[in-house]
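Participant: Sequence:
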Amino acid sequence: NKINPNVQDYAGRTPLQCAAYGGYINCMAVLMENNADPNIQDKEGRTALHWSCNNGYLDAIKLLLDFAAFPNQLENNEERYT
1 NKINPNVQDY AGRTPLQCAA YGGYINCMAV LMENNADPNI QDKEGRTALH
51 WSCNNGYLDA IKLLLDFAAF PNQLENNEER YT
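Numbering (full-length UniProt numbering), first residue to last: 1 to 82.
In case anyone wonders, no lab produced these hints; they're calculated from the structure.
Okay, derived cross-link-like pairs now, EDC-like style, lysine to aspartate or glutamate, Cα gap no bigger than 20 angstroms in a straight line: (1) Lys62 to Glu33; (2) Lys2 to Asp37; (3) Lys43 to Asp9; (4) Lys62 to Asp37; (5) Lys2 to Glu33.
Computed beta-carbon distance windows for the label pairs: (6) Lys2 to Asn54: 27 to 35 angstroms; (7) Asn55 to Gly12: 13 to 21 angstroms; (8) Asp66 to Tyr10: 26 to 34 angstroms; (9) Lys43 to Pro71: 15 to 23 angstroms; (10) Gln8 to Val30: 12 to 20 angstroms; (11) Gly56 to Lys2: 32 to 40 angstroms; (12) Ala29 to Val7: 16 to 24 angstroms; (13) Asn55 to Val30: 13 to 21 angstroms.
Even for Gly, the Cβ is constructed at its ideal location relative to N, Cα and C.
Starting from the given sequences, assemble the full structure and let the hints guide the process.
Facilitator: Shown next, in the form of structure tokens:
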């Protein structure tokens, strides 16, 4: 049996989003190599790319874009940040 890399917690966050929040590049790479979807949104509409950008992790941003993260996804709030 395989583990689902896209499982979501109570806030809708995936393991990839948590790794992106912390800037854990190696973990992010392993997750995406095992089919973690970089475009899943949490309950507030944030993706792993939002978390990496918010925290200034340039290497994580590049990695996510290399794995086809969608750069124009909007958050689910009044500001609608990309």
